[in-house]
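Trainee: Sequence:
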Amino acid sequence: MNKQIKILFCLHYANLNNGAVRSLVDIIENIVKRDGVTVYVVYPTRRDTAIDYLENLGVKTIYLPFAYKLNYTENSKRESFKYMVKKFLSWFILFKLRSVVKKEKINVIYSNTIVIDYGFILSKMTGLPHIWHIREFGKEDHGFSLRGGEKALYRKLNKSKGIIYISKAIEKKYSPHIRKEILQEVIYNDISGDFINKKTNFNTNPNNLLKATIVGMIQEGKGQLIAVKAVEKANKLGAKIELHICGEKSEAYYNEINSYVKDHRLSDQVYFDGFKTKMNEYRSDMDIGIVASRSEAFGRVTIEGMLSNLAMIGADSAGTSELIADNVTGLLYKNGDIDELAEKLVYLYKDRQKMKELAINGFDFAKKFTKGNAADKIYNVITKLG
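So the sequence shown is numbered by UniProt numbering: it starts at 1 and just counts up by one.
These are calculated hints, taken from the structure and not from any lab test.
As the structure is a computational prediction, the values presented were derived from the model and not from experiment.
Any given hint could be a false lead.
Pairwise CB distance ranges (calculated) [said to hold, decoys possible]:
(1) L183 with K236: 49 to 55 Å
(2) K384 with K96: 28 to 34 Å
(3) Q353 with K236: 51 to 57 Å
(4) R47 with G143: 25 to 31 Å
(5) P65 with K103: 41 to 47 Å
(6) K384 with E248: 36 to 42 Å
(7) K367 with T49: 21 to 27 Å
(8) E55 with K86: 23 to 29 Å
(9) K240 with G148: 20 to 26 Å
(10) K82 with A252: 18 to 24 Å
Beta carbons: idealized from backbone N, C-alpha and C, even for Gly.
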């Protein structure tokens with residue numbers, strides 16, 4: 001008989017297309033099916049697609065208005081003031097949430113990212129064990145800092161009961177600062193089986209152009225400009241490749257890329273496809289996936305690309321290096337090296353059978369992320385501490 005347990009998951013965002021949110025939803029989708037498990041989710045932003053999805057699974061949801069976030073990129077007086085106001089107002093809501101936690105007899109509180117600490121505070125208010133799922137480096141990948149600095153985060157982590165790292169690269173950064181008695185595990189993401197999108201035909205005709213895509217928020221840490229310059233160089237070396245950039249825009253960096261495309265007359269090589277929701281359909285029209293992030297904590301888009309039978313090319317750094325076995329499940333290039341990325345693109349353009357081989361191997365490798373392994377391991381951590 002399974003242990004009766006009630007889990008409160010704390011989100012930082014409520015949109016299903018956010019990588020961290022989608023990753024947790026994929027885990028909850030598995031955990032909520034278990035006998036004796038009741039799942040509650042707290043969300044601090046306006047209601048969005050993740051909440052509808054979770055409620056359809058039978059998850060109980062709670063709105064936490066005024067919740068503040070710890071991350072910032074611009075620490076202006078105005079932003080600092082808004083943060084302080086939200087932090088002050090959050091206390092009133094947290095006291096109400098504490099009553100809900102006690103009434104519902106929650107066993108464990110689980111925070112999905114380091115940019116929120118209301119789950120940690122709630123655990124101290126209720127005396128319940130707290131688990132922190134660390135999915136980001138911070139400065140290295142997203143370019144943000146934390147209010148109070150990393151030392152403040154480490155103090156909170158050391159007062160939690162468990163920490164889950166999304167990759168070995170994340171563990172390497174944080175674990176030296178954590179007390180040995182804290183339960184710590186590296187658990188790679190689950191990916192929903194909905195992303196399995198096997199190709200029936202590959203673009204093996206050497207006379208056809210190739211379509212490459214880079215997916216993710218258009219921001220400097222994701223390296224879209226590196227991909228643009230690499231495709232430009234590859235085409236000068238005789239390839240015929242289109243680059244399709246898929247993701248929301250961060251104005252300053254988007255403007256920089258757009259200016260480069262215009263100045264170098266690349267409008268027939270580089271396309272801004274905007275934000276997409278039907279990613280399987282979108283990827284079905286692509287041949288290659290590029291992950292140019294300077295420091296990817298895990299690399300959800302790498303696995304999703306593999307599940308669409310794309311031949312993946314990634315920067316040899318952080319989480320990407322853990323997912324791509326070079327020349328087996330994809331290709332790796334030196335982080336930031338435009339020339340080497342261009343060479344890899346030309347290589348696949350010329351050798352279509354190799355491109356197909358990498359895509360098939362990558363697909364077979366990525367399927368293991370759809371089997372609920374992460375949910376099993378996380379459930380075990382929760383039951384140990386709950």
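Trainee: Hints the structure violates: just list their numbers, smallest first.
Mentor: Violated hints (numbers, rising): 3, 5 and 9; every other hint is consistent with the structure.
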